[in-house]
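Quick mapping for you: the protein sequence lines, in order, are chains A and B. Here the working numbering = 1-based position in the first sequence + 197. Here the working numbering = 1-based position in the second sequence + 680.
Worth flagging that the hints you see were computed from the coordinates, not collected in a lab. Everything numeric in this text was worked out from a predicted model, so none of it was measured. Ideal Cβ positions, reconstructed from N, Cα and C, are used throughout, including at glycine. A hint or two may mislead.
Only pairs whose alpha carbons sit at most 25 Å apart, straight line, appear in this in silico SDA-like list of lysine to any residue [said to hold, decoys possible]:
#1 A:234 - B:760
#2 B:693 - B:709
#3 A:234 - B:693
#4 A:234 - B:762
#5 A:234 - B:689
#6 A:265 - B:768
#7 A:255 - A:236
#8 B:693 - B:777
#9 A:239 - B:709
#10 A:254 - A:244
#11 A:239 - B:768
#12 A:239 - A:265
#13 A:255 - B:780
#14 A:265 - B:777
#15 B:681 - B:784
#16 B:737 - B:760
#17 A:234 - A:210
Chain A side only, calculated, beta carbon under 10 Å to chain B, not exhaustive [to be verified]:
#18 213
#19 215
#20 223
Just a sample of chain A residues kept apart from chain B, beta carbon distances all over 10 Å, derived [claimed, not checked]:
#21 209
#22 211
#23 243
#24 246
#25 264
#26 290
#27 315
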Amino acid sequence: GENVEQHPSTLSVQEGDSAVIKCTYSDSASNYFPWYKQELGKGPQLIIDIRSNVGEKKDQRIAVTLNKTAKHFSLHITETQPEDSAVYFCAAVTHRGAGGTSYGKLTFGQGTILTVHP
Amino acid sequence: KAGVTQTPRYLIKTRGQQVTLSCSPISGHRSVSWYQQTPGQGLQFLFEYFSETQRNKGNFPGRFSGRQFSNSRSEMNVSTLELGDSALYLCASSRGRKSSDTQYFGPGTRLTVL
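Please construct the entire structure, taking both the sequences and the accompanying hints into account.
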């Protein structure tokens, strides 16, 4: 089955700096890569995602890149703010199904605790 | 639009008991997935239901089971609880038509087994 490795496990930056989190996956059939942010006492919240036919996607201060050949994808946060402090998870989804519907489970990385110091 | 809701938010049980957790998906979503989150193992997939049918299953023992009702609400049950079942149980809903459909998570149920 799919295996997702995430690094680093903790990341500490100063406000205004950039933060980069990297993930690798094992199953070449994986085709969808979401990133989730989890704050204390809450469930994971999707912040950005990328599909396997796209190499890069950006949404304001957040960007994700995907290298299918190397099977790795990365999250980039620019101009970090204290409210960005949280645990970030990458995930990979492997396509299942045929015809009009498909489905897949999320295989998560181990998480990165990001701390942004004011 | 209301988000995913889970009840109860907190549960304390003793070894050997059983527990039922409930999840109400976002209106219009037909897929409900369950995940277990622990500090040691991280987020692990339990199972997924779509239109009242289990469509996908993770690597958990048979003590973990679930079901989905015609209104897409889902329940998961854990029988003969063990200390290691202490975890945050998260459910996520999606439209369920494509593997790339976004999964939206609820706040989770924190289960403590004593």
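query = Honestly, which of those hints from before does the structure not fit?
reply = 1, 2, 3, 4, 6, 8, 12, 18, 19, 20, 23, 24, 26
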